[in-house]
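> Here is how the chains run, residue by residue.
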Amino acid sequence: MSYPRGTIVRNTTAARINHWITAACFVLLMLSGLSMFHPLLFFLSALFGSGQWARAIHPWIGCVLLVSYAGLIVQFWRDNFWNWDDIAWMAAIVRVLRNEEEGVPEVGRFNAGQKFVFWSMGLLVPALFLTGLVIWEYYFGAATSIETQRAAALIHSYAAIAAIIIWITHVYAAIWVRGSMRGMTQGYVTPGWAWRHHRKWLRSLVATGSPGPRPRRAGENS
Amino acid sequence: MSNLQSQDYIRISATTLTPPSVRRHEQEVAKLIDVTRCIGCKACQAACMEWNDLRGEVGHFEGTYDNPLDLDPNTWTLMRFTEWDNDQGNLEWLIRKDGCMHCEDPGCLKACPAPGAIVQYANGIVDFISENCIGCGYCVKGCPFNIPRVSKVDHKSYKCTLCSDRVTVGREPACVKACPTGAIMFGSKSDMTAWAGERVIDLKARGFENAGLYDPPGVGGTHVMYVLHHADRPSLYAGLPDNPKISALVEVWKGFLKPLAVAGVALAAVAGFFHWITLGPNEVQPEDEAAAAKLINDSQGRT
Numbered sequence: 001m002s003y004p005r006g007t008i009v010r011n012t013t014a015a016r017i018n019h020w021i022t023a024a025c026f027v028l029l030m031l032s033g034l035s036m037f038h039p040l041l042f043f044l045s046a047l048f049g050s051g052q053w054a055r056a057i058h059p060w061i062g063c064v065l066l067v068s069y070a071g072l073i074v075q076f077w078r079d080n081f082w083n084w085d086d087i088a089w090m091a092a093i094v095r096v097l098r099n100e101e102e103g104v105p106e107v108g109r110f111n112a113g114q115k116f117v118f119w120s121m122g123l124l125v126p127a128l129f130l131t132g133l134v135i136w137e138y139y140f141g142a143a144t145s146i147e148t149q150r151a152a153a154l155i156h157s158y159a160a161i162a163a164i165i166i167w168i169t170h171v172y173a174a175i176w177v178r179g180s181m182r183g184m185t186q187g188y189v190t191p192g193w194a195w196r197h198h199r200k201w202l203r204s205l206v207a208t209g210s211p212g213p214r215p216r217r218a219g220e221n222s
Numbered sequence: 223m224s225n226l227q228s229q230d231y232i233r234i235s236a237t238t239l240t241p242p243s244v245r246r247h248e249q250e251v252a253k254l255i256d257v258t259r260c261i262g263c264k265a266c267q268a269a270c271m272e273w274n275d276l277r278g279e280v281g282h283f284e285g286t287y288d289n290p291l292d293l294d295p296n297t298w299t300l301m302r303f304t305e306w307d308n309d310q311g312n313l314e315w316l317i318r319k320d321g322c323m324h325c326e327d328p329g330c331l332k333a334c335p336a337p338g339a340i341v342q343y344a345n346g347i348v349d350f351i352s353e354n355c356i357g358c359g360y361c362v363k364g365c366p367f368n369i370p371r372v373s374k375v376d377h378k379s380y381k382c383t384l385c386s387d388r389v390t391v392g393r394e395p396a397c398v399k400a401c402p403t404g405a406i407m408f409g410s411k412s413d414m415t416a417w418a419g420e421r422v423i424d425l426k427a428r429g430f431e432n433a434g435l436y437d438p439p440g441v442g443g444t445h446v447m448y449v450l451h452h453a454d455r456p457s458l459y460a461g462l463p464d465n466p467k468i469s470a471l472v473e474v475w476k477g478f479l480k481p482l483a484v485a486g487v488a489l490a491a492v493a494g495f496f497h498w499i500t501l502g503p504n505e506v507q508p509e510d511e512a513a514a515a516k517l518i519n520d521s522q523g524r525t
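For the record, the sequence lines run as chains A and B.
In this text, residue positions in the first sequence follow my numbering: the first is 1, and each later residue adds one.
In this text, residue positions in the second sequence follow my numbering: the first is 223, and each later residue adds one.
A few of these clues could be false.
[As the list claims (entries may be wrong)] Chain B regions said to be covered by chain A (calculated; three or more residues, Cβ under 8 Å):
1. 437–443
2. 461–472
3. 490–504
[Claimed, not checked] Facing chain A, a subset of chain B residues (Cβ under 8 Å, in silico):
4. T240
5. I351
6. S352
7. E353
8. I356
9. F478
10. K480
11. G486
I should point out that these hints are in silico values taken from the structure, not numbers from a laboratory.
Every residue, glycine too, gets a C-beta built ideally from N, C-alpha and C.
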C-alpha cells in the first residue's frame with residue numbers, strides 16, 4: 001500500500017489485516033457469548049440465526065481468534081515491553097484523560113494503556129480458549145469432570161466480561177484520540193500525531209530515517 | 223416434551239420476569255421409588271422406552287447388570303446395580319432406578335441460558351422443552367445428580383419428563399404403571415411422603431434401623447423420592463449423592479455477579495460516552511505538526 005507523502009506508517013498492512021480479523025472474531029464472540037450469558041441478551045443469538053447456531057459457531061470463532069491473536073503477539077510484542085516510561089506515563093494518567101498533553105512524559109510506540117490492553121488480552125485469550133474447550137459440549141463434554149466444567153464455565157464467563165470491558169476501553173480510546181483509527185484502517189498517522197502521542201517513537205524513527213512503524217536497524221537499506 | 227399450557231409453569235429458564243402464577247393451587251406430585259421392594263426386572267426401563275418411543279444403540283456387555291451402562295439421550299431411566307458387602311459380611315444387592323429427581327430447586331433450570339428450554343410446572347415436574355434447547359450443556363453442569371444428556375445427533379438435552387404428558391391427563395408415569403412389585407408409586411407429594419413413612423416403620427421393624435426417605439433438603443426436596451434401607455449412606459446406591467445441592471461454582475456463575483457484570487459492561491460504555499461529551503476528542507494541534515516538522519527538518523539537515 002502507498003501512503004500519502006510526509007506521513008508515518010503506524011501499522012503495516014499485515015498487522016492491519018491481522019488486527020481486523022481479530023476484531024471481527026472478538027465482536028462475533030462477544031455477541032454470541034453475551035446471548036448465552038444473560039437472558040436479557042438472548043435476543044443477540046438471532047443475529048446468528050438461532051440459539052443453536054450461536055452456540056454452535058461460538059467455539060469455532062474462538063479458535064480463529066486464538067490463532068489471530070497469536071499473530072498479533074508476533075507483530076507487536078517487541079514494542080509492548082513494560083519500562084520506566086510507562087510508570088511515569090501512568091502517574092500522569094489524569095492529565096492524559098483531560099487531554100492536557102503538556103507535561104505528559106514521552107512514550108514509545110505504545111503507551112502504558114495500550115500495553116495493558118495487549119498483555120491483558122494476551123492472558124485472557126488463552127484463558128478463554130482453554131476454559132472454552134472444557135465447556136465445548138460436542139467435542140469435550142465427556143473429557144473432563146462435571147466439577148471441572150463448572151469451574152471452567154465460571155472462569156470463562158467472567159474472563160469474557162473482563163475482556164469486553166477492556167475492549168470497550170480500547171475502542172473508545174481509538175475514537176477519542178483522533179487519528180488513531182486511521183492508523184489502523186489506512187495504516188498511517190501524521191508526524192504531528194506521533195509527536196503528540198508517541199514522541200519517543202517519532203524520535204526513534206526520525207533518528208534512523210525510518211518510514212515506520214519500527215526504527216531502522218543499523219545496516220538496513222533505506 | 224412438548225409445550226404444555228404456559229400457565230402451568232412456576233419456573234422458566236433464562237427469564238427475568240415472573241412466570242404465570244395464578245394456578246398455585248395445583249397439588250405437587252411425587253414419584254416414590256421404594257428401593258427395598260425393587261427386584262431389578264427393568265420393566266420400568268422398558269416401559270419408559272415404550273411410552274417415550276426411545277430406542278438406544280445396542281451396547282456391549284461389560285460384566286454388569288447395568289444395561290445400558292449409563293443414561294444417554296435415549297435412556298431416561300436406568301437400573302443401577304450395586305453389590306455391597308454389608309457390615310455383617312453378607313451380600314446386599316442394592317438396585318436403584320436412576321433418573322431425573324425433579325428437584326424443587328432445579329440446578330439445570332438455574333444454569334440454562336435459553337429462555338423456556340427448561341420449565342417447572344406447578345405440580346413440581348421439571349421438563350425440557352426441546353424446541354427451545356440450544357444444546358450448550360449448561361444443564362449438565364447445573365445438575366447435582368448428573369442426569370441430563372445432550373444428544374450428538376440433534377444437539378438437544380434429554381432426561382426423564384416424569385411422563386408430564388401422562389400426568390397432565392391424570393395418568394401415572396409409564397414406569398409406575400409397569401412396575402410389578404409396587405416399588406414405584408405415584409401420587410401427591412404429601413401422600414407419597416406419608417406412604418414412605420409407613421414403609422420406613424415397617425423396614426425398621428424388620429431390622430433396617432437406618433431405613434429412611436431420601437428427599438434431599440439441599441435442593442429443596444425432590445419430586446422423585448427413594449425409600450432406602452440405608453438412608454444414612456445414600457452413596458452406597460451407585461453413588462447417589464449424600465447431600466446434593468447446586469454447586470457453589472454454579473451459584474456464583476449464575477448468581478448476583480451476572481447482572482453486576484452486565485451493568486459493568488454498560489457502565490464502561492456510558493463512561494466512555496460521558497468522557498466524550500465532557501472532555502471531548504483529543505485532536506492533533508497545528509503546534510504538534512510544526513514541532514514534528516522541525517524535528518524532521520533538523521534531522522535531515524544533519525544528514
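> Are the hints correct? Go through all of them and say.
Hints, one by one, checked against the model:
Counting residues of the stretch 437–443 of chain B whose CB falls under 8 Å from any CB of chain A gives 0; the rule of at least 3 is not met. With 3 residues bearing a CB less than 8 Å from a CB of chain A, the stretch 461–472 of chain B meets the requirement of three and the coverage assertion stands. Three residues within the 8 Å Cβ limit are the bar, and the stretch 490–504 of chain B against chain A gives 9, so the coverage statement holds. Hint status for T240/B relative to chain A: violated, with the closest Cβ pair at about 13 Å, above 8 Å.
At a threshold of 8 Å, the smallest CB-CB gap from I351/B to chain A is about 12 Å, leaving the interface hint violated. With its C-beta approaching chain A no nearer than about 11 Å, S352/B sits outside the 8 Å limit, and its interface hint is violated. Checking E353/B against chain A: minimum C-beta separation of about 10 Å lies over 8 Å; hint violated. The restraint placing I356/B at the interface with chain A holds, with a minimum CB-CB distance near 4 Å, inside the 8 Å limit.
For F478/B, the interface hint is violated, since its Cβ never comes within 8 Å of a Cβ in chain A; the closest pair sits about 12 Å apart. Evaluation of the K480/B hint against chain A yields a held restraint, the C-beta minimum of about 6 Å falling below 8 Å. The criterion of a C-beta within 8 Å of any C-beta in chain A is met by G486/B, whose closest approach is roughly 6 Å, and the hint holds.
In summary, the numbered hints that this structure violates are 1, 4, 5, 6, 7, 9.
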